[in-house]
Amino acid sequence: MTSIFRDSSKSVMGSLNAQEKVLLRPVMEWGRGFYLTVGGLAAIAAVGVFAYFTQLRDGLAVTGMRDTVSWGLYIINFVFFIGISHVGALLSSILRLTGAQWRHPITRMAEAITFAALLMGALMPIVDLGRPERVLNLITNGRLQSPILWDILSITTYLTGSVIFLLLPLIPDMALLRDKFANAPAWRRWIYKIFSFGWRGTPEQHARLERSMNTMAILILPIAVMVHTVVSWIFAMTLRPGWNSTIFGPYFVAGALASGAASVVLAMAVFRKMYHLDKFITLDHFKKMAVLVLTLDILYLYLNISEYVTLAYKMQGPEKAELGELFTGRFAGMFWTTQIVGLIVPACLLVLPSIKAVTGLSRIRPLRPLPLAVGGAILFAISLATPFAQSFLGTDLSLLIAVLRVGVLMLAGLAVLSLLPWLQARPVTSFVIASALIVVQAWFKRFLIVVPVMENPFITEGNAALSLYRPTWVEWAITAGAMAGFLLIYFLLSRLVPIVSVWETAHAKSAETVAGPAHSPLPVPTSSPEV
Amino acid sequence: MGERKVGRREFLKLVGAGAAISIVPTVGAKLAPLARSIFSRGPHPGDTGGGNHRWLMVIDLARCDGCGACTKACSAMHMAPPGQEWIKVYNLEHEGLAASHYFPRPCMQCDNPPCVNVCPVGASYKRSDGIVLIDQEICIGCRMCLAACPYSARYFNWTEPPHTEQELSQSYSVETNLPHRKGVAEKCLFCPALTSQGMLPACVSACPTGAIFFGDENENAVTNGVGQTLQLSELLHEGAAHRHMEELGTEPRVWYLPPRTQPTSMPNEPSEILISGAEGVRVKI
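The listed protein sequences correspond, in order, to chains A and B. Number 85 in our numbering belongs to position 86 of the first sequence; there are no gaps in the numbering. One rule links them: number in our numbering = place in the second sequence (from 1) + 10.
Bear in mind the hints are in silico, worked out from the structure with no lab data behind them. In this text, all values refer to a predicted model and were calculated from it rather than measured experimentally. No residue lacks a Cβ here, since even glycine has one placed at the ideal position from N, Cα and C. Don't take each hint at face value.
[Unchecked claim] Derived Cβ-Cβ restraints for the label pairs, each shown as a range:
| id | chain 1 | residue 1 | chain 2 | residue 2 | range |
| --- | --- | --- | --- | --- | --- |
| 1 | B | Ala39 | A | Leu143 | 19 to 25 Å |
| 2 | B | His247 | A | Leu143 | 48 to 54 Å |
| 3 | B | Ile31 | A | Val134 | 37 to 43 Å |
| 4 | B | Asn101 | A | Val48 | 52 to 58 Å |
[As the list claims (entries may be wrong)] Short derived list, chain A residues pointing at chain B, Cβ under 8 Å:
| id | residue |
| --- | --- |
| 5 | Ser145 |
| 6 | Arg210 |
| 7 | Ala235 |
| 8 | Pro456 |
Can you make the complete structure from the sequences, with help from the hints?
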């Protein structure tokens, strides 16, 4: 289908203006990269599906879950995906209601994340079921006392609301594709026709659309807050030490918003690079998102401190075992990494481009690449020579080894310091690293919320090995498959409809031209510096 | 004609409003049972299958020597899947200088059962005779009950349990949960299949020291495996009975007598007990 399709699509592209050309190119041209990406993601998802069939055949015994740790990766993924899904409501709704004009190029990205994450998130508890064929019992025998029913009600409501919220601003763009992309395959023409809902762009239609979107923006906010609160209540409604906490609702909502906002920064960077959207997604957008991510990151850090310090100070009662595992025990490495590398370091990276003092670092001689490399080489040579020297001299060189270790740590610290001016000159890179750290942190933080608590019930086995949780390949494969499925849905959406709203961006631009840049609330910078 | 005050539209509105008001009680009457069924405890609302009893258990920790006969008898009687100990004997280790002691843990059959509260489909339910049952034909295997139970009394069939002819020949009943099946929750049931025939639960009959008493709160009497029948209220009062983790508010139907007092006189010292081995699992609390 390649040559004919491409030639004809070029003729179609001729009837578009410059902005539409850039934004619609990913939709109109499905090249080799598209099929490779879809194939790769589908292959990973297929491995997950295969693993699930193994689980269906042999039961949940193929997982690492047992009677003590009876929830594992699936529930962790569930909380993670629902958390990521929060961003659509946050960006589209709050930025719309506050009239932030800079939102236009990124709202659809955020809403599409919500949609894809909710689909995969809602799938995870079903994968977790011991009797998936009875899932409809939840409707025929559902009991409203159960937090699981609250989840089902709120997630289906949120999914419905998110689909409407995603579709409403798509209507004019669907109509654009319906009118301009006449040589699309029949099934796509059908989609564009159905979902443009007879849009002709009359003022009355615009007014109605605007009103509907405002209504949805207000409706979706409480639903979004409710969803993640209820997800946290799956845990907080039990008596388990570590889950039996009043703070869990806001705690989960804050964590969800932080991870969701960070994932939008990642999506912005990827789409900007992949679809050449530099004109639409500017440094200014990244800077504004960085402020948002920073705020949410600090809020989540604060709630972490509130949750753990109040328990750690007393260090008593049934929580003692779980907290010990987190602070100094089996999960200490993961715990402190999520707190420091996953929350504090990203906060520093997010403010880094705004700090003036950092540029001075590049003038310090030891922070230049050459002295660092030489220092590293010397340390490496000494550490190689140490065992020989020890056997040759027959003396204990443990002091030297300790000094070497301190040296390595200091060198690593200097290397990080030397990177700071480099990162400061590249704010987008800095923000993307910070956001990636926050998203990864989010997954591991959910692991730390679920697993250590389950491993430390009120009555614990003396034989701890029986109650330890080690995920199996089936769980990892399904997790990887779910992540790939999420990316696949997200990617396909971005190739089916423009991931940056064409009509809203045009609308915002024209409004700006009329008002003049001086009066527009947040002017788009004319030139984007090196990023 | 000119005196018509009520237009057709207004008239229809009036009729409509009247009709709407008149059906409110009808709809309400229809909705009430629907609402009751939604908020009731699942498909077994107010199950009175157990008759006019209020079963409970009293475990005298001073008599328990951790022999594990109860667990063995239970697993044999229920053909429990491997790895499941519906009554499990822990060795509770307390902080500091306090001595450890054995602690048999059946299902507590709580009167405020967290497992029943969180069950999304009503598979777990409380019967009028006090016991908590699992309808394994409804259970979807979400394991929220395992997460919710503070006593770790619930188990899950992670795989298809190994079957025997005898087990497979049974027709399913919530009172036996036999034959066992994959992907559903399991736990101690207080042996309703035995108690309905006037027999003691398997663990009670098997306990060689008579540490486990079983009885009916309504009859104010409990019996153990060595033939003692005692007055419940007196036993609990004289023996300074407590319930495990009372502070959680689950209101268990299993009472414990303290481990180092002898509130009840032993009929004959269980000197040479034939059942040996089965060390209790060492635990920390």
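Hint check results:
In this structure, alanine 39/B and leucine 143/A meet the distance hint of 19 to 25 Å, their C-beta atoms being roughly 21 Å apart. At roughly 40 Å, the beta-carbon separation of histidine 247/B and leucine 143/A lies outside the given 48 to 54 Å, and the hint is violated. Distance hint check for isoleucine 31/B and valine 134/A: the Cβ-Cβ separation is about 41 Å, which falls inside the suggested range of 37 to 43 Å. Hint check: asparagine 101/B to valine 48/A, Cβ distance near 45 Å, so the stated range 52 to 58 Å is violated.
Taking 8 Å as the C-beta contact cut-off toward chain B, the hint placing serine 145/A at the interface holds, the least distance being around 4 Å. Interface hint at arginine 210/A: violated, since its Cβ lies 27 Å from the closest Cβ of chain B, which is beyond the 8 Å cut-off. With a least beta-carbon distance of about 11 Å to chain B, the hint placing alanine 235/A at the interface is violated under the 8 Å criterion. At a threshold of 8 Å, the smallest CB-CB gap from proline 456/A to chain B is about 5 Å, leaving the interface hint in force.
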